[in-house]
Structure formats: structure tokens, C-alpha cells
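Participant: For reference, the chains in residue letters:
There are 2 protein chains.
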Amino acid sequence: MEKLVKVAVDAMGGDHAPGEVVKGAVDAVNEKNNLKVFLVGKAPRIHEELSKYQYKNEQIEVVNAEEEISCDESPVEAIRKKKDSSMVVALKMVKDKTADAFVSAGSSGAILVGGQFVVGRIKGIKRAPLGAVMPTAKGPMLLVDAGANMDAKAEYLLQFAQMGSIYMEDVLGIKNPRVGLVNVGVEEAKGNQLVKETGPLLKKCENINYIGSIEAREIPYGAADVVVCDAFAGNIVLKLEEGLAAVLVSQIKEGMMSTLKSKIGALLAKPALKKTLKKFDASEYGGAPLLGLNGLVVKAHGSSSAKEMKNAIIQCIAFAEEDITQKIKDQIVKG
Amino acid sequence: MEKLVKVAVDAMGGDHAPGEVVKGAVDAVNEKNNLKVFLVGKAPRIHEELSKYQYKNEQIEVVNAEEEISCDESPVEAIRKKKDSSMVVALKMVKDKTADAFVSAGSSGAILVGGQFVVGRIKGIKRAPLGAVMPTAKGPMLLVDAGANMDAKAEYLLQFAQMGSIYMEDVLGIKNPRVGLVNVGVEEAKGNQLVKETGPLLKKCENINYIGSIEAREIPYGAADVVVCDAFAGNIVLKLEEGLAAVLVSQIKEGMMSTLKSKIGALLAKPALKKTLKKFDASEYGGAPLLGLNGLVVKAHGSSSAKEMKNAIIQCIAFAEEDITQKIKDQIVKG
Chain Z
1 MEKLVKVAVD AMGGDHAPGE VVKGAVDAVN EKNNLKVFLV GKAPRIHEEL SKYQYKNEQI
61 EVVNAEEEIS CDESPVEAIR KKKDSSMVVA LKMVKDKTAD AFVSAGSSGA ILVGGQFVVG
121 RIKGIKRAPL GAVMPTAKGP MLLVDAGANM DAKAEYLLQF AQMGSIYMED VLGIKNPRVG
181 LVNVGVEEAK GNQLVKETGP LLKKCENINY IGSIEAREIP YGAADVVVCD AFAGNIVLKL
241 EEGLAAVLVS QIKEGMMSTL KSKIGALLAK PALKKTLKKF DASEYGGAPL LGLNGLVVKA
301 HGSSSAKEMK NAIIQCIAFA EEDITQKIKD QIVKG
Chain L
1 MEKLVKVAVD AMGGDHAPGE VVKGAVDAVN EKNNLKVFLV GKAPRIHEEL SKYQYKNEQI
61 EVVNAEEEIS CDESPVEAIR KKKDSSMVVA LKMVKDKTAD AFVSAGSSGA ILVGGQFVVG
121 RIKGIKRAPL GAVMPTAKGP MLLVDAGANM DAKAEYLLQF AQMGSIYMED VLGIKNPRVG
181 LVNVGVEEAK GNQLVKETGP LLKKCENINY IGSIEAREIP YGAADVVVCD AFAGNIVLKL
241 EEGLAAVLVS QIKEGMMSTL KSKIGALLAK PALKKTLKKF DASEYGGAPL LGLNGLVVKA
301 HGSSSAKEMK NAIIQCIAFA EEDITQKIKD QIVKG
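Each protein sequence line maps, in turn, to chains Z and L. Residues 1 to 335 (the UniProt record's numbering) are what the first sequence spells out, left to right. Residues 1 to 335 (the UniProt record's numbering) are what the second sequence spells out, left to right.
The hints are all genuine.
Because identical chains cannot be distinguished in the list, a pair is counted as satisfied if it fits within a single copy or across any two copies.
Cut-off 20 angstroms, straight-line C-alpha distance, at most; resulting in silico cross-link-like pairs (EDC-like, lysine to aspartate or glutamate):
1. K175 / E206
2. K274 / E254
3. K42 / E67
4. K190 / E73
5. K138 / E242
6. K190 / D72
7. K196 / D151
8. K138 / E254
9. K329 / D96
10. K190 / E77
11. K239 / E188
12. K190 / D151
13. K82 / D72
Just so you know, these hints were derived from the structure itself, not from any lab. Given the structure is predicted, the values throughout are model-derived calculations rather than measurements.
All chains, please: the whole structure from these sequences, using the hints.
Facilitator: Right, here's the structure in full:
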């Protein structure tokens, strides 16, 4: 029998909560039989949304939580004080093993803090990085650390590379994923102090497929499957890609709408263009996992639609089925 | 009478040297009367290229140099040992005040090292950053430091912001340029240690228009005119924009060529699209100045065409006319 995977979802987190979150959960359980979703938050609001859809009753359970954590609050204080918030209640379900995974599109800061303090790090894991699955010309890659640990050390980056490799291999199914270290050139002598210390550690690590330094220019081409850097650099990579892609696409649209001739051209080219640009659509890949915790914590984009929430929830199934937490313990902590 | 601006050009540097370099120099002097270019390198090769064009003889002078510095050499050793290289000879002309500025599309490392060691820093300037003029939806911005100083300190970044402001105001003509600090969020408490220390220094600096932290996502939208960060982060911004723009444009082209209908659409939309994408064409803006030296040192892209070389050379005119070096001394070192 297939293992039933249980996901605690913060129904109140995100720009379009609870509407899109609830719809995403319904779509997820309608697609996967071995999935149970706990929708955590204000029960009457959640039931109101749920009443719009058809789904198997035993696959969705509503868990009441009266409080909400907003993006304007101090993450540390919010997690400490709001014990009855949708986020803290859902995170506790992972800690208690009531759920295998947690998904939220709410305050990024609170998710990072809550993951570390409520769920807790695996013993021996020094820092829990945020892994963002991003599109490239060759398919998905994992950027790690995409935003959790500012001022990192080389020994943290080594573990990020190891955990990222396990994730890409077992959750996304990429065999022997290529690990690249973000640098200002491919030569080993280049880079800042952190990179110069990290390179040799990655090189002598036996359970990863380290291909060396990669330049930022090569990232969108898919130069590596696991792209390792500190969170400051990672956040720049993540956010700059988002911003530049949006600006370029809007400029192209504007250009195509500028003359009658180009408008007709746009109409004809649109279906083909849409298909190509879908490859670069990050919403296909679900959320960003916080790696190295005693259970899976996934941060979805704040503006997540139902489709992104669905993908973030479904992504948890492979993580639980492959027992990534145990693999991290076996291969990294003991290894 | 207009001041004559003299530019020493490394004729042997770059992927398309000396052909495109010489052509760029010819195009520059044919466009500007108050410009004299010294083409430094192997004289016979340079004369051979020059013989293809028409130009006023007094505006171009060939200076012989027998050696060349390649991109594979150690920059420090190459600059120290190859005294008769096109790069070192040209840089010395700036040091001796024979020329106001130096332009090269050769080895980036050698340009950075040569600028510091041959031309030398202005007394009181702690580090010389590379300023890259980049396109945004709103027009050009200056990214500083785009790749010169790994492991920077807050006091360096303060001077980068000041020098960048002078450059944008006096060379590119942007009044009261907005200075933004690259960060992982707009809140002051966010960021790595360097950013946390730099923010307050920028805030209390009176001769810049500091608008606070900016997220990488906002950079392509033109959120600031002077975008300040350490060279590791800056190199990521510069290279990732290059890579992602290239990948997206090639994906779009591929999409447009995928069906007959879309091919016809592409044909119709092409002229309008080209015009829009030109806004995002970095070659319009010339090269990247190394700021804070006793003379102007400009790094052009390794793959520079004649057009890029021409723009990089012409950019030197405003720098010399506005006497940026003196302004840096007056406003930053004494200020």
C-alpha cells in the first residue's frame, strides 16, 4: 500500500489566502490519492471556501487556529507570541509528527524562524538553508541558500551542497546532480574569502558531483543542477531573475503592441511564445524547501495562485516518500 | 576652444582585436573633433587596419608596443613583467598625463591590476571599484562595484556611492542621482554584516541622494541610478543579467520559429521588437570605468564590437571635460 503523506497547510498565509490556498489543496488531493491535507486557520473561513469544491472528505481536515502572522511583524516575536496562529499550529503538527510537511505562502521571515525554532534542525546540521527550485534553459535547478542564512561559513555551504544534491536526486529525480559554486570566474583562485574556503571542501566531498565554480552568467543556461552560494548572493540570484524576466517580458509586450503590424504579429506568435515561456515559469516547480529540519517546511511565493499551492503541496509527497530527512541524517551527519 | 581629450587605447585587447578596436577608434574620431586616440600595440598590424579607413591623420597616432597580455596569464605577473605590452604602455601614458584616459577590451584582471598599480589610486581613495553602466527600464544605471574588490568594507562602499554619484551626474548627466544599496529586503535590519554597517554610513553622507536598501528584483526596473554593493554581489548582478537576457531572447526566438504561423508573426513584430530591446542593449553605454584612479581607466567588454569600442572611447570625453578626478578629490577626499 502507498504511504499516506500528510501535509499541514497554513491556510491564512499569502496574498490570496485563504481562497487560492484552499483551492490549491483541493486540486492537490483530487490529483493524488495518497495525500492528506490539514488546512490550518480560521475554520469558518476555510469551510466557506471548501464548500465551493468537490473532494474526498477524508483527504482534507480543517484545523482551527485563531491568530494570523502578518508580513509586517517581527518574525521572531510573532513565532514566539502567537501560539494559536495558523503558522505555529501547522508547524507544531510537523514537530509532533502529526504531519510530514508544512506549506505556507505567508511571511518568509516567520517561516524561516518558525522552521528552525518550532520544527527544529536535524542534529549535526549547522544551518537550514532555503532551497529555491528555479527554471533554466535545461530544466529545473536548486538554488541553495536562496535566502535563509546571511554571513555563512564554508562548512555550512558544504552541507547545503550535500542536502541540495539529495533533494535534486530524490525529489526531482535528477541522477547524480551537478553541484556548482557561484563565483566571479571559473578559476579556483577567484572569489571572495567564503568561496575560496568553500571550493576545496566541495572538491574533497565524496558524496556530491562537484563540477567547480560557475559564473552567474551560466546559471540561466542550466550550468549546474545544485547552485550553491550564501543567502545574500542567493537572494540576489532569485530576485534578479524574477525582476529581469518580468521587465523583459513587459518590454517585449509593449514593443509588440506599438504598431498595427506588430500587433498582428503578436497575435500570430502568441501560442508558440506562451509554450516557450512556460519553461521559464517558476510556478511549475512548487515552493522553496527549507532543508535540514526534522520534517519538511516549504515556503511558497507570497503571491501564490492555487496552481502554485497545489504544486508546493504535491512536491511534499516525494520528499516524504523518499524519506529525505533520514537520508540527510545517514549521508551527511553520520557520513 | 574646446579641450582636446586624449585617449590611449589598447589596440591588442579583446576577442576582436585589433580589427574592431581600430574601427571603433576611427568611428570615434570621425564623430568627435575634440578627440585624439593613441592606438597602442603592434604598429604594422594597426597600420594595416587603419589603411582601410578615412579619418583626420592628426586625430589618430599609433604607439608601438611589442608584447600582448592574454586572459590566461596571472594579471599581477603580466603587468609587472610585460613592460612593453600594449596594456602597460597605454596605462603609462595616462600616468604620465600624455593621455587623459585608457580603454581596453583585454584581460579584466590585468586592467584592474594595471589601473591600480600603473595609474594609481587618488590619495585618500581606499579602493578603486569597477562601475558598470547597465540598462534598466528607466534608462542607464551605474552598478558599483561590478567586480573589482572582493571582501569589501563599509567605508569602501561609502566612497563607491560617492564616486558613482559624481560619475552619473557629470558623465551621464543624471541630476541628483538616486543611490540604492543592494539588500535582501528594504528594511534596515535586513542584510548581511557588510550591508548593516554600510546603510548607516550612506544615510548620514550629505553629498549623495541615498534612497535606502533596494531588492535585486527592483534593479532592472530602474529603482536607483547608482546601485551600490560589494564586487562579489555586483559581479552576480552584472553577469546574471547578461546570461538571463541572452537565454530569454534565444528562447523567444526559438518559440517564434516553432510554427509557420509564429514565423509570420515574428516577421511582422520584428522591427517594433528590435526598437524595444535596444533599450536593454548594454553596448549603447560604452565601457565600465574603474573609479578613483589618477586618470580614467575604462574596461570594455571582451567581445566588444567597433560600436562598443567607439562608445567606450567617446564616454571618456565627458569624464575628462568634467574633470571627474578633480571632483573626486574635492568632494570625497577633502569633503
